[in-house]
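Trainee: So you can see what is in the structure, the chains are spelled out below.
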Amino acid sequence: MSCERYERDIALAAEGDLPASQVAALEQHVASCELCHSFAQGIAASQATLKALADEPLAEAAIAAVRTRVLAAVTERAQPRWSGPRWAWPALASAALLLAVALFWLERAITTTHPATRAAASAVPATTPQPTASLTTRSTQRAAAAVSQSVRTPKKAPIARLSPEDADQLARAVVVLSRVKELDAEGAAEIDRPAVTSQPLTRIASDDPNVVIYWQFDSNGG
Amino acid sequence: MGPKTNEQALTPIDLARDEEDRPESATANCVRRARAGDVTAFAELVQRHGRMVLRTALRLLGAIDRAQDAAQETFLRMHRYLGRFDESRELGPWLYRTVINVCHDLARRAPPSRQISIEELPEAEHPTTRGAPDAIDALNRAQQRRLVQAALMTLPRKERAAIVLRDIEGRPTSEVARILGSSEGTVRSQISTARVKIKRFIEQKQESRR
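Quick note, the sequences are listed as chains A and B, same order. Quick note: to get our numbering, add 48 to the position in the first sequence (first position is 1). Quick note: to get our numbering, add 35 to the position in the second sequence (first position is 1).
Rather than coming from a laboratory, the hints here were simulated on the basis of the structure. Heads up, a few of these hints could be off.
Which chain B residues face chain A? A few, computed with CB under 8 Å, are given here [to be verified]: (1) Phe-77; (2) Ala-78; (3) Val-81; (4) Leu-89; (5) Arg-90; (6) Gln-179; (7) Arg-223; (8) Ile-226; (9) Lys-234.
In silico BS3-like links for lysine-lysine, alpha-carbon gap of 27 Å or less [to be verified]: (10) B:Lys-232 / B:Lys-193; (11) A:Lys-99 / B:Lys-240; (12) A:Lys-99 / B:Lys-193; (13) B:Lys-240 / B:Lys-193; (14) A:Lys-99 / B:Lys-232.
Per label pair, the in silico range of CB-to-CB distance [what the hints assert, rightly or not]: (15) A:Gln-70 / B:Glu-238: 22 to 30 Å; (16) A:Thr-116 / B:Gly-72: 18 to 26 Å; (17) B:Thr-189 / A:Ala-120: 32 to 40 Å; (18) B:Asp-73 / A:Ile-158: 45 to 53 Å; (19) A:Arg-117 / B:Thr-189: 25 to 33 Å; (20) A:Arg-117 / B:Ala-71: 19 to 27 Å; (21) A:Glu-52 / B:Ser-243: 17 to 25 Å; (22) A:Leu-145 / B:Asp-140: 33 to 41 Å; (23) A:Leu-146 / B:Pro-128: 36 to 44 Å; (24) A:Ala-141 / B:Ser-218: 37 to 45 Å; (25) B:Arg-144 / A:Thr-116: 20 to 28 Å; (26) A:Ala-136 / B:Arg-67: 18 to 26 Å; (27) A:Leu-145 / B:Ala-63: 36 to 44 Å.
Glycine residues also receive a C-beta, built at the ideal position from the N, C-alpha and C atoms.
Turn these sequences into a full structure, and let the hints steer you where they fit.
Mentor: Written out as structure tokens, the structure reads:
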């Protein structure tokens with residue numbers, strides 16, 4: 049009979065970890081085997097020493113030092129902290145990004161299709177000598193589309209390459225769009241204010257064909 | 036030879052020697068308050084469990100300065116993750132698991148630069164035995180403890196964690212298995228192997244000294 053397999057059982061039995069069903073057979077073997085009996089005594093001695101480590105006093109200063117260091121670190125980071133799930137921050141960031149994109153597109157949609165745009169467009173008279181056509185909803189949309197196109201692809205369609213007609217329409221569109229925003233802020237009832245209809249737009253040409261100055265007069269002539 | 040039962044095996048370890056063995060309900064109350072941001076309650080948790088955490092880290096790492104670093108990191112993790120802690124569970128096993136993980140991380144990041152000899156192993160203060168008539172016995176006991184600590188340091192990581200929790204901390208095998216995330220059978224195998232290795236290490240060293 050090999051005693052090697054009993055060593056494991058003896059080591060377990062020394063601290064009561066051997067299943068009760070195996071204890072009797074082990075005791076019987078140890079009682080009759082001198083080697084295993086000696087091994088069991090050796091295990092008992094080493095276990096007693098091992099467990100004495102538990103009673104070894106720890107220096108109180110060592111424990112106090114840990115406590116001090118921990119509390120100092122915790123106090124330092126005592127700001128209110130998020131204790132929610134780890135995925136919350138990325139989710140919040142994504143939601144904020146989606147919201148920003150949605151607001152951006154919503155604003156664009158309103159400024160190009162809102163009924164106020166059309167109303168305001170018809171309310172602005174064209175007083176510049178060339179071209180003199182009134183600003184229509186279609187032309188406003190065309191100009192707005194030009195703005196949009198120039199913003200999206202500035203290298204392919206720079207504003208400087210617009211025809212004079214488109215440049216005029218563009219300037220009027222900018223005026224109309226800014227007015228629509230004002231109206232949105234002031235309320236829809238303000239859309240028929242006479243002051244809007246009396247605002248003239250003057251085009252001032254410069255020597256540089258790429259530079260055109262537009263001047264809008266307010267109701268006081270300023 | 037008289038094999039012991041599990042319950043008997045726990046009695047030699049004086050589980051009531053530390054602050055952490057106060058009623059669990061008091062600890063749960065502290066946990067609740069600490070989760071709500073009460074720094075005083077957190078300090079009380081550190082006070083209750085500091086000795087246990089430092090002692091475990093010391094047995095796993097073998098050096099008091101590294102054990103202090105591990106204990107500090109353990110409590111900082113506790114502070115960081117207390118919000119996720121399930122209040123219906125006991126804090127003790129959770130702390131044991133954390134300190135074992137921290138010690139593992141520390142050992143992996145900064146392993147001891149060389150094998151420490153038994154003579155170099157740190158020795159704790161023994162105020163009760165210093166200057167006593169049985170000073171020789173005390174010295175022998177201290178040497179024995181250093182010998183066992185050296186034996187512990189020769190064990191593989193998992194065996195060392197299992198034997199520290201079972202034989203030094205006196206936790207039941209089932210709890211050790213839960214802490215280590217292993218089966219009870221695996222833990223029994225680890226502790227039996229570790230006990231045999233420790234016995235042989237001690238005998239070998241004692242033989243070489245004669």
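Trainee: So which of those numbered hints doesn't the model satisfy?
Mentor: none
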